[in-house]
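**Student:** In order, the protein sequences belong to chains A and B.
Going by my numbering, the first sequence opens with residue 4, and the numbers climb by one from there.
Going by my numbering, the second sequence opens with residue 4, and the numbers climb by one from there.
Rather than coming from a laboratory, the hints here were simulated on the basis of the structure.
A hint or two may mislead.
Claimed, not checked - Restraint-style ranges between C-beta atoms, simulated for each label pair:
{"hint": "1", "chain 1": "B", "residue 1": "Val227", "chain 2": "A", "residue 2": "Asp119", "range": "39 to 45 Å"}
{"hint": "2", "chain 1": "B", "residue 1": "Asn195", "chain 2": "A", "residue 2": "Val353", "range": "56 to 62 Å"}
{"hint": "3", "chain 1": "A", "residue 1": "Pro368", "chain 2": "B", "residue 2": "Asn108", "range": "56 to 62 Å"}
{"hint": "4", "chain 1": "A", "residue 1": "Tyr348", "chain 2": "B", "residue 2": "Asn39", "range": "50 to 56 Å"}
Idealized CB from N, CA, C, for every residue including glycine.
Each chain, written out:
Protein chains: 2
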Amino acid sequence: MKNLVGNALLGQSGGPTSVINASAAGVFIEALNQENITGVFGAVHGIKGILDEDFIDISKEDLDELNRLKNTPSSSIGSVRYKLKDPKKDDSEYRRLLEVFRKYNIRYFFYNGGNDSMDTCNKISKFFKKEGFDCNVMGVPKTIDNDLNVTDHSPGYGSAAKYVATTFMELFHDATVYDQPMITVVEVMGRNAGWLTAAAALAQYKGQGPDLVYLPEKTFDPEVFFSDVDKVLKQKGKVIVAVSEGIKTKEGKYVPELYQELKKDAFGHAQLGGTAQALVSELGNRFNVKLRAIEFSLMQRSAAHLASKVDVTEAYNAGRKAVQAAVAGVTDKMIGFKRVSSNPYKIKYVRIPLQKAANEEQKVPLHWIKEDNTGLTQDYIDYALPLIQGDEKAKLEDGLPRFAKLKKIRVQKNDKKTPL
Amino acid sequence: MKNLVGNALLGQSGGPTSVINASAAGVFIEALNQENITGVFGAVHGIKGILDEDFIDISKEDLDELNRLKNTPSSSIGSVRYKLKDPKKDDSEYRRLLEVFRKYNIRYFFYNGGNDSMDTCNKISKFFKKEGFDCNVMGVPKTIDNDLNVTDHSPGYGSAAKYVATTFMELFHDATVYDQPMITVVEVMGRNAGWLTAAAALAQYKGQGPDLVYLPEKTFDPEVFFSDVDKVLKQKGKVIVAVSEGIKTKEGKYVPELYQELKKDAFGHAQLGGTAQALVSELGNRFNVKLRAIEFSLMQRSAAHLASKVDVTEAYNAGRKAVQAAVAGVTDKMIGFKRVSSNPYKIKYVRIPLQKAANEEQKVPLHWIKEDNTGLTQDYIDYALPLIQGDEKAKLEDGLPRFAKLKKIRVQKNDKKTPL
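Next comes chain A alone, as it looks inside the complex (with noise of 0.2 Å):
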């Protein structure tokens, strides 16, 4: 553990969520008042940022303007999905960063991302120890898909859950108003993990929400689907249906891969619909009624107007512990949240060792998915509503958020060499 004096540099990286930001704030804000840090830097668009030279001065941004980061969607630096080669082929990308980090004297870094990033964190801590170069390096977790591993759960997946909890809520009220037959598919996030479907769960408890939801979790089986369709459209004469985007067959098959001919555009990709769009067409050959197939797309990642405080606190917290901990001299670790109880929640936030927090994808127990594919089990009820807990959101202005405006001053290229 060393104490050591120089700049900070935070970036982001991987899909946007509502709180992503609210870490930046976090970060940025407590290093902004810790001595040992000379400088506060923004990275942008990630690793592209750092290689790149690319740094935005913190200390020029408005506290007002850092503060109300905490409320504003998405990564306000840029993110960027750009995965390091494996340093034991080809090191030369982690020369170029050491260059760069010695270069602006960065002794603190922090990265704020999912499974990807806090993986590319490690890679870098590790090869930075190897080469002998002081740098604490924290990661700060982020993602709507809950699949962090050892971690309680993630930034980003209690606002998104409340998203969906509420979304599908208010969707079982426009859905079930005609008196008429009708079959509702939505699609929601999540390709190997199912938490954010799950969510749907929640307006279920509130007797508001899907008849069936399905996660990844398990195995899809289209007959079984159709059955189960069947069998509630009988009994209610309106289907509503939680379908996370990455279910697959047994056979390793994804839906829309199932229904779809394959079109290719002009430049050869594929033109695959989705999930919901893909189980309704073929719905459409089985059942003579009213469909409609939804996809809750960005805007289940992205609606900070609809945020949980319980996230967004803990969002800020995680950036603030991580400056914290790594002023104290550690390094190589993401900040994690260990539960304590639910009821009344508590966490504790911890330390994990990098490599073990990116190796794994933590998943929906098995035991928490209904066999009857008709909702999560009181256990996943009892882990979630803790989450999304409360409002928090931007300040309206003209009756329209006030998101966060960074001035985005650009750190001035150093162009003197320093030795590798």
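Starting from the structure of chain A, add chain B where the hints point.
**Tutor:** Positioned in the frame of chain A, the structure of chain B alone reads:
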């Protein structure tokens, strides 16, 4: 103008909005307070409930729950899409309605809906008059499409517009986060009138909106569209497009008809995707960049958590004013809004002859649409901003909206024969 004593009946009709129940609350709560009104009924699924004598006894509901209707989306007593026949050709349904009204001594009739509902309301009113049955008939407007005639705007529009503007702002942050070219096409409801798509211009006004906006009021030229997109893409690297579902080419074709093969399901129904999706599919043949199609779908008309306080208040008041007018002897009118000033925002509640309200669709004035398809003029902004002001939503319970729960105790069916 007759002062009648008898029962009052409310029916809801057409597509849901976030505030149609606020108008119902206004009608119910005001009617329960009126001495001349002996009983207050809700027709289950509008006209259908009347034909079936299926009525909810509103006096049996808790006042707290009726107040909660103000912030509960969709139609709590059930809606319907049912067009009565032309009474000149076949008046059997009107005779049946008259029979039911007589049987239940309904002397006050309120119908809450859009164009078609006002037409229904008008025909019923005229038929009752011709038959010498005294019943004061009042229309209460609602439509997210904002296409009702004569009134400055309609309840439901402000909240839907607030959803569209807020969500475009959030999507703006999401869709511009990566450092790679991308085109996002977002489809907004509105078959013939572009009011709701126009609300995307409110996000532009905040500097966080779409680059291009296409309303059905203007002929859609695909080649101009592709060239518009190309221009923005070259300039900014990212393009966000707002498109109304109802845009048509000069040949009168909707977009999905242009770029999709007509596929039919097993029952012969056409399986056409949405406008955004069809555009994205063709964009894929022209631009080798990341593409995304988004539909606001049912969310834009049921997101009560994002309702405009102005809209909720006006919807509620429209219901109350309709009852007050009817009790004062007014009939054959729809409550409408006349704008006194935009800044400060001030309206007067007015009574519009049903005949006038029903007959024509109010569209976005062409001179409010920018010639180059980049948005709406300041005239539209000045018109729309007052309508999206303020927040009002259901209280939270377990972090989720506590919507109204009606007991829906049915009025006992009256089996005595009444003279036709």
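**Student:** Need the list of violated hint numbers for this structure, in ascending order.
**Tutor:** No numbers; nothing is violated.
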